[in-house]
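Trainee: From just these sequences and the hints, can you work out the full model?
The listed protein sequences correspond, in order, to chains F and G. The numbering of the first sequence is the numbering used here, which starts it at 1 and goes up by one. The numbering of the second sequence is the numbering used here, which starts it at 1001 and goes up by one.
Because the hints were derived from the structure by calculation, they are not lab data. Among the clues, some could well be false.
[Unchecked claim] In silico lysine-lysine, DSS-like type, Cα no more than 25 angstroms apart, as pairs:
{"hint": "1", "chain 1": "G", "residue 1": "K1084", "chain 2": "G", "residue 2": "K1071"}
{"hint": "2", "chain 1": "F", "residue 1": "K257", "chain 2": "G", "residue 2": "K1402"}
{"hint": "3", "chain 1": "F", "residue 1": "K257", "chain 2": "G", "residue 2": "K1171"}
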Amino acid sequence: MSFVKLTTSALAIAAVSATAAAARDQVQVAGSSTVLPYASIVAEAFGENFDYPTPVVESGGSSAGLKRFCEGVGENTIDIANASRQIKSSEVNACAANGVTDIIEVRIGYDGIVFASDIDGETFQFTPVDWYRALSEQVMVDGEIVNNPFATWNEVNPDLPAQPIQAFVPGTKHGTREVFEEKVILAGCEEAGDFEAYLAANNDDKKAAEKACIALRTDGKSVDIDGDYTETLARIESNDDGIGVFGLAFYENNTDKLQVADMSGVVPSTETIASGEYPVSRPLFFYVKKAHIGVIPGLKEYAEFFVMDEIAGPDGPLAEYGLVADPELTETQTVVADESVLGGGS
Amino acid sequence: MTDTRHMSLLVRDTRTARRNRAETRFRIYGLAAIAIGLTMLVILLVTIVGRGSGAFQQTYLSVPVTLIEAKLDKNGNRDPADLKKVTTFGYGPLLRSAFEQMVDDGTIRTDLPAKKIAGIVSDGAEAQVRDAVLADPSLIGQTVTFEFLASGRVDGYLKGRVSRESIANDKNISAEQLDIVDQLRTAGLLEKRFNLAFITGADASDARPEAAGMGVSMVGSLFMMLVVLVLALPIGVAASIYLEEFAPKNWITDIIEVNISNLAAVPSIVFGILGLAVFINYMHLPNSAPLVGGLVLTLMTLPTIIISTRASLKSVPPSIRDAALGVGASKMQSVFHHVLPLAAPGILTGTIIGLAQALGETAPLLLIGMVGFIASNGPDSLGEGLLSPNSAMPAQIYEWAKRADPAFYERAWGGIIILLVFLITMNAVAVLLRRRFERRW
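Mentor: See the structure below:
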């Protein structure tokens, strides 16, 4: 019977594939969607210049990538996790529990986070305090902690336009959210002096006060975007009052639709971020599983290629795309060359 | 109310008039519903074609490049290993001097530095020259005219997506560069033409949207459909034949039947999670492989095939079976010699529609790693095609729609056109098969 033949051959294919799965010859990368464009640019150039196949780069977010990274050692686990934040000690522990002990941390550069609104709308000049007061769930008004009463930006700060508050911020699964909370909302909270009030209200519990600072209002004025920046852009295009949080590279590719806001009087650009003047930026990383070096062909070469001056340097293609080059790139190159792992040792 | 004694067939009473009005109204509702549906379809198609047709055209630029021996082959021995050591970065200066040459001979009149002028060609131009040199080292020392892709912004300028106003704040391109583009266009060195690479090519990184194509992800989809066909058709048909023709009717088969119907309604993302847990984490099949994608989609397609196969088996009249059994055929002979051939067109139609459904499915692929920057290596063999990482057409479209550069957005729409062409063709084949071969009793 031909059906029987077909079925047996199908089973045979499955069986063969199960054994063939033992030989993976391309590097597998997953993680942050902020790092994805950079990683794909490097992967493409790597494939062009080396005889190794082009690495596979998946996205999914920093946390998801690190979770997969920590699943264990072996060819069915990923070799590199991209992250738009540093690995947490809880993640290092989770890794260690699964046998992933030697992790090489590679910092590739910095990424700016910008606030942008519709190109035809009002122009904004923000400070972290403005964002904190506009978006925090509770704020201090006349010496008392009250639920956020502000509806328009000029109520928050008389210098801002009288435009309804409508912010699109990255959802909690994004690494960008953490930077936004820490460098904008929390910084604003401290600057505004509200942090002390929360401290007093929480019996000097610093953690609780920080939590109170970064709790965002839930009345619809602040909307979490769990998708990518393209979704934030679509929201702003459909809502003229919207102000979104973007990566610098995304903004630079869409300057015909978006205008960027100053932060504390500094216009975001690769220069102001590199010099440290623009306050909202964060380092980008990728993490390499040392146990896979020498097993997966091209893994170390890919890591070395990524941090080469021609790639990650100030004149390289990554900087051209929007990455702020790391001034300490030479040290990173040494880290990769020596395969120095996290927590010292070799 | 109406006086029945004076009723005439020629005069409408109020009740008939009301009923007639109700019918007219209902017809209008029906027509309106169809009109709304058609309008939506037209809007959808016009949008898709309007936004996506641009992807089928691409701007090319011809540049004569002098392949200087001192830069490409220092030892002068044309040893392939030595030639490979010159990376794409080593080819950058060649391109820049090619543009300087064009300024010198008056083709381009500009004050821009060569690096800026070179910004109008794709980032992939260096790799293109390098590949040509590696393929034919005898080119070294000569001046060869290359057809480069223009950068995404320049391409957008020719397509009307990018204008001098829209690039006011754009650091990727400047008005001076567009002046050069205009000069080259007048000189006939830069032109927009049909873009075969979009249909056959591989995905490209975020920095070069102009080079991205659907080809490799199409191959990925093809391999997945192959797996689905090879697995789902025999399993589905065998299951349906047994259930329909051989299985006793009792509560166990009832439960199986109900569950097959339920399975058809399970959201596809569930199969994705199942695939991740079983095929990748437990069976250790490779990530991002079309084989795994195909297995997941097989699970999704099976119920569709079983249901349609059973329906077409049911539609074969019992008299056929009785006649076969009456002349002494065994049950199996009656099924395989008579029932199955008569049901085949229905089975095929169901299979094709199931495949078309699977072809357009994205959700389960998200979980098994088929979305990302993947489809860059075309497979060489069947085994590699099944096992080496690849994307699929809908996953590729999803990926492009997420990227920052607006040029990818156009390609996402272009990808939708290709996908729709596939789906329409498959459905047309299904309709044709049914029309041509199906028998009705």
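Trainee: All the hints need checking, so say for each whether the structure fits it.
Mentor: These are the hints, each one checked on the structure:
1. A hinted pair counts as satisfied when its Cα atoms are at most 25 angstroms apart, and K1084/G with K1071/G qualifies at roughly 12 angstroms.
2. A C-alpha spacing of about 16 angstroms is found between K257/F and K1402/G, which places the hinted pair at or below 25 angstroms, so the restraint holds.
3. Note on K257/F and K1171/G: the hinted pairing holds, with a Cα-Cα distance of about 14 angstroms set against a maximum of 25 angstroms.
In terms of the numbered hints stated before, the structure departs from none.
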